[in-house]
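Student: Here is what each chain is made of, one letter per residue.
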Amino acid sequence: MNREGLINASVYLALPVLALAALALDEPFTITLATRAAILALAAVGLNLALGLGGLVSLGHAVFFGLGGYAMGILASHAQSYAPLYDGWFVVEGTKSMPVIWLVAVLSSALAALIIGLLSLRTSGVYFIMITLAFGQMFYYFSISWPAYGGEDGLSIYVRNSFPGLNTLDPIQFFALVFALLSLVLWGMGRIARAPFGLALSAARQNAARVETVGLEPFRLRLVAFVISGAVTGLAGALFADLNRFVSPTMFSWQMSGEFIVFVVLGGIGRLFGPVAGACLFVLLEHTLSGVSEFWLVYVGAILLLVVLFARGGLIGSLAGREVADD
Amino acid sequence: MRIRNMMALAVCMAAAATAGLADGHGGKIKVGMITTLSGGGAGLGIDVRDGFLLATKGSDVIETVIEDDQRKPDIAVGLADKLIQSEKVDVLTGIIWSNLAMAVVPSATAQGKFYLSPNAGPSALAGRGCSPNYFNVSWQNDAFSEAAGAYLSNEGVGKVFLMAPNYPAGQDMMAGFKRFFKGEVTDEVYTQLGQTDYAAEIAQIRASDADQVYFFLPGGMGISFMKQYAGSGVDKPVAGPAFSFDQGILGAIGEAALGVKNTAHWSKDLDVPGNADFVAAFQAEYGRLPSLYAAQGYDTGLLLLSAAAKAEVSDADAFRAALKEAEFQSVRGDFAFADNHHPIQTIYMREVVKEGDVVTNKMIGVAATDHTDVYGADCKM
Amino acid sequence: MTEPLLQIKGLHKSFGALRATDDVSLTLLPGEIHALIGPNGAGKSTLIAQVAGGLAPNAGQIVFDGVDVTAFGTAARARAGLGRTFQISALAMEFTVLQNAVLGALGASRSVWRFLKPVMRDAEMRAQAEAALDRVGLSDEAQKRTADLSHGQRRLLEVAVALTLAPKAFLMDEPMAGLGAEGSKRMTTFLDSLRADAPILLVEHDMDAVFALADRISVLVYGQIIATGTADEIRANPEVRSAYLGEEVSP
Amino acid sequence: MTTLLLIEQVLNGLQSGIMLFLMAAGLTLIFGVMGLINLAHGSLYMIGAFAAAAVAGATGSFALALMASLAAAAAAGAIVEVTVIRRLYDRDHLDQVLATFALILIFSEGTRWLFGSFPLYLDVPAAFAGPVTLPGGIQYPAYRLLIIAVGLAVAVGLFLLIARTRIGIQIRAGESDREMIGALGVDISRLYTIVFALGAALAGLAGALVGAIQSVQVGMGEPVLILAFVVIVIGGIGSIKGALIGALLVGLTDTLGGVLLPLAFGLFLDPATATSIGSSLASMAIYILMAVVLIYRPTGLYGVAT
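Going down the list, the protein sequences come from chains G, R, D and B. For the first sequence, my numbering begins at 89 and goes up steadily by one. For the second sequence, my numbering begins at 20 and goes up steadily by one. For the third sequence, my numbering begins at 5 and goes up steadily by one. For the fourth sequence, my numbering begins at 66 and goes up steadily by one.
Hints listed in this document are in silico derivations from the structure and should not be mistaken for laboratory results. None of the values given here were measured: they were computed from a predicted structure. Where is the CB? At the ideal position from N, CA and C, for every residue including glycine. Careful: at least some of the hints might be erroneous.
[As the list claims (entries may be wrong)] Here chain G is said to cover these stretches of chain R; the calculated rule only asks that three of the stretch's residues, wherever they fall, bring their Cβ under 8 Å from a Cβ of chain G:
no., segment
1, 87-93
2, 112-122
3, 180-190
Full structure from sequences and hints, please.
Tutor: Here it is as structure tokens:
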């Protein structure tokens with residue numbers, strides 16, 4: 089195993105080790121914290137496909153995160169109140185089943201990513217950053233002012249949704265579920281990066297003309313990457329809402345999109361485990377620094393600035409050095 | 020940089036060992052306060068915290084852990100989990116905003132914790148979503164607007180122009196006003212949350228037939244609106260709930276706010292026992308005038324002390340009953356809990372005046388006596 | 005047999021008042037190297053861009069291998085069998101040399117929509133890529149980062165990537181640019197052998213190479229083709245001499 | 066709605082557009098010359114407002130307050146340029162976004178550290194306090210007319226600066242070719258510092274002018290920053306003319322959308338639903354405008370394709 093592999097393994101194992109240690113010490117909140125880090129990592133892993141591999145600086149990924157969250161919130165609130173979601177020619181009931189919610193979250197965010205991608209990918213550079221931001225703001229303001237599902241107050245779900253065979257209210261079991269999903273997605277992303285699609289997507293980021301010249305369409309590659317990326321972030325949104333048992337428009341806010349980018353860059357852009365390291369580090373900073381000072385965001389700002397200016401590979405990049413070899 | 024990163028990673032691995040070691044606290048009450056101390060709206064949270072700490076200062080039964088929610092619901096939920104699971108608190112309090120309260124309160128009370136609201140009273144928690152463990156020490160969201168509607172009707176105001184941001188609290192406020200206002204609502208305008216320019220709305224006000232403006236624009240929105248309204252030359256009288264005219268905000272609006280009527284359950288010149296002492300003590304301790312939020316934080320502290328004097332928090336039923344009795348000298352005067360654990364209290368009308376160099380509020384009358392909210396009927400507990 | 009592989013008919017392209025391509029018609033026959041020359045600013049780049057698909061003509065038609073490709077984008081033309089190299093190397097610089105070549109093989113295989121199988125372990129594509137690198141003499145550099153290659157090696161890699169596509173025709177934009185005398189000579193020999201694979205439409209400034217390689221030469225001046233013919237015919241053409249050759253090369 | 070009210074609302078839209086232009090001009094100038102996306106531009110706006118409030122509070126003079134806002138924002142801009150920003154010119158947009166995002170955090174919390182969490186007091190100068198009557202009988206706040214005048218003066222000044230002066234020539238040269246201007250012997254790093262400080266000063270001026278009729282508080286820069294970005298993206302990044310047109314478009318859309326959409330829905334829906342849907346849509350209107358512009362013109366109205 090090379091050096092980066094070693095670092096990846098320790099980053100990957102840090103979360104379950106932490107969670108198990110917390111279980112042994114009876115510190116359920118630390119498990120919750122690890123779950124939070126794992127979910128944010130999942131969202132950032134999704135973004136990393138578009139941002140790291142595809143070079144698409146999306147400042148609108150909160151759209152998918154929020155859609156995933158609202159998929160959970162809307163389905164579960166209808167199940168909670170026994171009011172059907174749609175009662176016309178046929179009846180659609182709400183549900184408290186996680187697999188169904190995940191499916192809806194993934195499909196709806198993929199659909200949104202398809203539409204936003206079709207429109208946004210016509211632009212590039214700063215314009216792409218800004219048009220994705222614009223879509224994020226549209227969803228944000230819409231969710232605040234639309235009264236049906238709580239508006240700015242959001243939706244509260246009293247009991248966490250269920251997964252067959254597990255007690256999801258037990259922190260360690262919910263953590264295990266989240267971590268299993270994160271592992272699955274990481275495995276998938278690792279495969280994608282090395283698959284034909286990943287090679288072509290990465291080439292399209294480095295030189296679009298090259299990709300066209302070998303007969304591939306960068307637009308389609310990017311669109312598919314954007315859709316997969318949005319779907320994964322949407323799944324993370326559903327989990328995040330379930331962790332908090334609550335969903336609100338802040339999940340759509342541009343600061344949320346910004347934070348995802350921060351996770352990716354903090355950990356190491358384009359590296360499989362970069363977003364995991366970044367999210368873990370961010371949650372850790374948030375947890376420790378906010379106890380140190382009321383003005384702890386100053387320190388977060390300073391650390392972020394230093395990483396961007398002086399540690400361009402992020403956490404994993406600084407530890408592992410430059411990426412080499414093709415296989 | 021590398022060393023720093025490695026250290027960070029090491030800390031990440033070891034965080035389990037260091038997270039909160041305190042546990043088991045005898046006859047004491049451990050209070051977890053989640054409030055907004057950084058970012059936008061931090062002034063409100065700081066006032067609630069300071070008022071609460073002033074009330075509980077010197078008490079050897081109450082131990083308070085304070086956390087900053089940054090006004091973000093997901094952070095607030097995480098902090099609630101932390102306080103309940105890790106700090107093992109008995110009572111939660113501190114949340115300023117309705118949307119954060121909606122995120123935290125239902126699950127906290129479901130886990131058997133007490134929650135005392137020092138601000139924010141979303142209608143859901145007063146009605147169908149009420150809980151035996153949830154006590155609102157401030158107000159139900161609609162209360163000030165309902166009282167204002169009643170007061171303006173009594174004053175003979177016929178036509179009114181309503182304005183609020185387009186979000187649930189704004190819609191609730193306007194609904195509350197209309198519930199008690201007997202005249203005609205000529206216009207009802209919903210602005211964007213966080214809007215900073217009100218030229219368009221002021222033009223609408225100017226063109227409207229209404230002879231009174233009633234608005235709810237909390238925080239910076241109210242400051243912007245009042246300053247712009249004062250410069251517009253429109254002279255229709257303005258009223259609103261106290262949120263846009265508390266001490267912290269008046270300092271920023273200045274004389275542009277003079278003459279505005281606003282409803283509140285408290286004012287620093289309210290002549291009830293203990294209030295003058297509170298104002299003086301707060302000024303001595305923190306060097307500024309207390310706001311409405313400070314008064315609510317203070318009352319929350321007093322309520323908790325009164326219950327602690329009667330019952331152990333470990334005996335939840337006894338402690339709940341002690342809270343419900345609310346035997347403390349509120350700086351608002353008479354204070355009691357209705358069956359849905361929301362306040363029965365008198366709401367006053369205040370007017371913004373200049374006292375020396377300071378722009379501040381003065382009591383001008385009672386808007387509603389022993390006012391309570393309308394949602395209690397839906398509360399089954 | 006004499007059916008042209010690439011046929012450009014009456015191509016027009018204007019930028020405002022400037023007629024960059026003015027009624028250009030030319031053909032590329034199987035097995036030939038057809039060189040396009042012209043002084044700076046004659047509109048060669050504009051013409052190449054229209055043939056490759058990056059720029060849409062105002063009028064005219066491009067027929068490739070019996071199909072009207074005028075409305076096709078760059079990628080579609082590449083899939084139709086047009087292998088292009090760039091004047092300034094357009095390679096994925098973070099990739100290894102082999103990865104760049106595999107990218108070409110991937111484009112040719114039409115199997116990009118696979119998400120789980122590692123592409124570098126695909127024996128067939130890898131073999132194609134390695135064969136192409138071998139032909140241009142880059143086998144030893146296969147594991148190097150492309151950014152670390154010399155300028156000349158990058159030019160060769162461009163050709164290798166085009167080779168992996170097994171194109172029906174090559175479109176080469178100044179492959180000799182910046183190669184130096186020794187490099188140009190090697191490239192000339194190599195292109196000469198390439199003609200057996202597919203015909204080449206060659207845009208080139210290096211007149212020695214052009215006259216050594218080209219079966220036919222077309223001369224572009226101010227957006228118009230003023231002459232087409234064999235090397236000898238072009239050398240002898242008085243119009244070409246006055247407009248162009250007189251200035252740059254001595255015959 | 067009467068014609069007079071409609072005219073007044075159009076005037077309001079133009080006025081809000083011009084306020085946005087003050088912000089957007091600096092942003093687009095900095096992008097045009099240095100190719101830098103500066104998210105911290107909103108912080109410079111905030112610094113201008115806080116400096117003005119502090120000086121107005123101490124001296125009582127609004128003119129001094131405006132000068133203080135210019136000076137403080139320009140100084141902050143120059144310091145940031147020299148310490149941080151100049152390391153970002155040859156980085157990609159992602160690094161620029163992140164580094165300046167970090168600057169927002171530092172500036173916002175730093176300001177709160179210095180000035181506390183409560184909004185500051187800054188009022189309109191007495192001379193401009195009331196309304197004036199315009200031809201046609203429209204009563205309009207004098208101070209807003211002042212903002213329009215200052216905004217137009219800045220627009221004219223910028224056009225003249227760029228078209229007529231030596232530094233303008235250097236700016237234009239820098240936009241078209243960075244290496245070239247260095248070869249001509251212009252001190253690029255000094256030019257960049259000056260341009261950045263100029264952009265910062267404009268943002269600071271906007272902050273002080275707007276602060277007098279809005280709330281001077283930490284975080285006041287972010288909403289206006291996003292609007293300013295919408296403006297320059299619609300106008301085409303780097304184009305001052307685009308920024309002006311974009312600002313007016315956004316100002317008009319925002320103002321008239323909020324007024325007209327609820328009325329329009331009121332024609333065929335009941336009042337409560339119309340208000341609700343109309344207001345929801347109005348809050349999204351400028352973002353829809355921006356998306357539509359970018360879909361039809363991927364580099365904005367006056368942008369140059371890259």
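Student: If a hint holds in the structure, say so; if it does not, say that too.
Tutor: Consistency of the hints with the structure:
{"no.": "1", "hint": "87-93", "result": "holds (count 4)"}
{"no.": "2", "hint": "112-122", "result": "holds (count 4)"}
{"no.": "3", "hint": "180-190", "result": "holds (count 5)"}
When the structure is compared with the earlier hints, no violation turns up for any of them.
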